[in-house]
Amino acid sequence: MTTHLKKLKESHCQRQGVPMNSLGFLFEGQRIADNHTPKELEMEEEDVIEVYQEQTIQCALCMLGEHSTTEPQPQPKFSPF
Numbered sequence: 145m146t147t148h149l150k151k152l153k154e155s156h157c158q159r160q161g162v163p164m165n166s167l168g169f170l171f172e173g174q175r176i177a178d179n180h181t182p183k184e185l186e187m188e189e190e191d192v193i194e195v196y197q198e199q200t201i202q203c204a205l206c207m208l209g210e211h212s213t214t215e216p217q218p219q220p221k222f223s224p225f
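Residue numbers (my numbering): 145 to 225.
Do not rely on the hints blindly, as some may be mistaken.
[As the list claims (entries may be wrong)] Computed beta-carbon distance windows for the label pairs:
1) T147 x Q174: 16 to 22 Å
2) H148 x E172: 14 to 20 Å
3) E186 x P163: 26 to 32 Å
4) M145 x R175: 17 to 23 Å
The hints are simulated quantities; they were obtained by calculation from the structure and are not laboratory data.
Cβ atoms here follow ideal geometry from the backbone N, Cα and C, with glycine treated the same way.
When you get a sec, could you build the whole thing from the sequences and use the hints?
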């Protein structure tokens, strides 16, 4: 329970065939950082990590560099245990 969750994130992305920066990972509404551990997040067996696709939305102002928005897109849930 002290291994950094980056390993889990890398493994999931590799199995899905996507780059790590294209997905976001949440546990109980909190974004999971690469250096988080299950112990630090007080994770237990059967807990679920939510995975979503990072998607940048562009608009005319965004193209001019004035605004940038990232919205999560839901992905199937998986259990790390």
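Here is what the structure says about each hint:
For the pair T147 and Q174, the supplied restraint of 16 to 22 Å holds, since their beta-carbon distance comes to about 18 Å. For H148 and E172, the hinted distance range of 14 to 20 Å is satisfied, since their beta carbons lie about 18 Å from each other. Look at E186 against P163: about 29 Å separates their beta carbons, and that is inside 26 to 32 Å. For M145 and R175, the hinted distance range of 17 to 23 Å is satisfied, since their beta carbons lie about 19 Å from each other.
Checked against the numbered hints given earlier, the structure satisfies every one of them.
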